[in-house]
Amino acid sequence: MSGKNKSFAEGLAAGLVPGGDAPRARGQMGSILSGRENRIAQLASGAIVQRTHELVDPARCRLWAGHNRDYALLNEQRCADLIESLKSQGRQEVPAIVRRVRGDADYDFEIICGARRHWSVSWLRAHNYPEFRFLVEPRELTDEEAFRLADLENRAREDITDFERARDYLKALEGYYEGHQGRMAERLNVSQSWLSRYLDLARLPDDLMAAFPDPHALRIKHVTMLKPLLKPEDQRKRVALRAAELAQQWQQGAGGLPVVDIIRDLANAATGAPRKTGSPKRTGSENILHNADGKPILKIDRHTPKQMTLTLLPRGGGTREDAEKALLTLVRDLWA
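The sequence shown begins at 1 in UniProt numbering and counts up by one.
To be clear, the hints were calculated from the coordinates, so they are not data collected in a lab.
For glycine and all other residues, C-beta sits at the position ideal for the given N, C-alpha and C.
Hints are supplied without guarantee of correctness; some may be wrong.
Straight-line C-alpha distance at most 30 Å; calculated DSS-like pairs for lysine-lysine [unchecked claim]:
#	residue 1	residue 2
1	K295	K325
2	K221	K237
3	K299	K325
4	K295	K237
5	K171	K227
6	K299	K227
7	K231	K221
8	K171	K221
9	K295	K221
10	K227	K237
11	K171	K231
12	K227	K295
13	K295	K171
14	K171	K87
15	K221	K299
16	K87	K325
Label pairs and their computed distance ranges (CB to CB) [unchecked claim]:
#	residue 1	residue 2	range
17	W194	V101	29 to 37 Å
18	I300	E76	20 to 28 Å
19	R203	I300	32 to 40 Å
20	A72	H127	16 to 24 Å
21	R157	R238	31 to 39 Å
22	A72	D143	15 to 23 Å
23	E324	R157	22 to 30 Å
24	L328	R183	50 to 58 Å
25	Q307	E186	49 to 57 Å
26	E174	D106	22 to 30 Å
27	L55	Q307	33 to 41 Å
28	Q307	G90	39 to 47 Å
All chains, full assembly: derive it from the sequences and hints.
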């Protein structure tokens, strides 16, 4: 501390505290000013980064065009844990990362990371919690920096599907890295083989994807089973024909099936193996209940005269009401 500041601190302490306590007060005041000087020095050197948070109206925020989450898929069921956490805490603890919007009268920010938080706060405000505000941290970011930041935050999240992430990577490959996969892998700090699996998933042709009623159920592990079905050309044509038949069945209300069963059916079509008409056969004793739209609700894993083991499928596309209705029907049948 400079001599001028030290004299000022000692004089202030002497004027406020009786003589017997002045030395201790002088030491305390000196520590306060010294600590403040140290913090200013750390900020100036970059050792500490000062972040500014703001509480804003979520209606004044829009999703960044390059965001990797499918906002339309968010609903009360997918955000239930976050909604309950917000209500329990009484506020949003972790800020969303945003950029300021200029030249748009309807919005002040665009969301880089935090779409699920935005949806949940918006839902709470519309359902008897109007006092909730959206906590944001504005930053200055390029599009490529925004992409890497969003990817880093969401990579470990289980509520973002492989399919969502794969589409985002494919779009970023051309948009930010000029098609150079090696450069993109280096910037993301991942291996090229890891990145390739996601890109292969995003590149699966539409005529093949039509076989799957819910493409978000596909995982990168399924790519190794699907890619071999696309060559040679005559094999690909047989697969595309079978995929179109399956798509028609789903559109007519036939129940959806596990991804592995659909892939097995497509593989049989690829080899020209004879098959029975209709939907692909279910594996083992597996039985899946669906809602009126054909979305899977729950799976009966095991059913004996004494017990039944179930697996709920909350990400199958159905609602909580569908699941409750299916469970009630099962309970009535069992006790009948």
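Tested hints:
1. K295 <-> K325: holds (14 Å)
2. K221 <-> K237: Measuring from Cα to Cα gives roughly 23 Å; hence the hint holds.
3. K299 <-> K325: holds (14 Å)
4. K295 <-> K237: holds (28 Å)
5. K171 <-> K227: holds (20 Å)
6. K299 <-> K227: At roughly 28 Å apart (the allowed maximum being 30 Å), K227 and K299 satisfy the hint.
7. K231 <-> K221: holds (19 Å)
8. K171 <-> K221: Satisfied, since the Cα-Cα distance of roughly 21 Å is no more than 30 Å.
9. K295 <-> K221: holds (22 Å)
10. K227 <-> K237: holds (14 Å)
11. K171 <-> K231: Holds, at roughly 25 Å.
12. K227 <-> K295: This hinted pair holds, its Cα atoms lying about 26 Å apart.
13. K295 <-> K171: holds (29 Å)
14. K171 <-> K87: With Cα atoms ~36 Å apart, K171 and K87 exceed 30 Å; violated.
15. K221 <-> K299: holds (22 Å)
16. K87 <-> K325: holds (27 Å)
17. W194 <-> V101: 29 to 37 Å: Given a distance of about 34 Å, which is inside 29 to 37 Å, the answer is holds.
18. I300 <-> E76: 20 to 28 Å: Because 26 Å falls inside the window, the suggested range holds.
19. R203 <-> I300: 32 to 40 Å: holds (35 Å)
20. A72 <-> H127: 16 to 24 Å: With a Cβ separation near 19 Å, A72 and H127 satisfy 16 to 24 Å, so the hint holds.
21. R157 <-> R238: 31 to 39 Å: For R238 against R157, whose Cβ atoms are near 38 Å apart, the range 31 to 39 Å holds.
22. A72 <-> D143: 15 to 23 Å: holds (22 Å)
23. E324 <-> R157: 22 to 30 Å: Check passed, 27 Å falls within 22 to 30 Å.
24. L328 <-> R183: 50 to 58 Å: holds (55 Å)
25. Q307 <-> E186: 49 to 57 Å: holds (53 Å)
26. E174 <-> D106: 22 to 30 Å: holds (29 Å)
27. L55 <-> Q307: 33 to 41 Å: violated (51 Å)
28. Q307 <-> G90: 39 to 47 Å: holds (42 Å)
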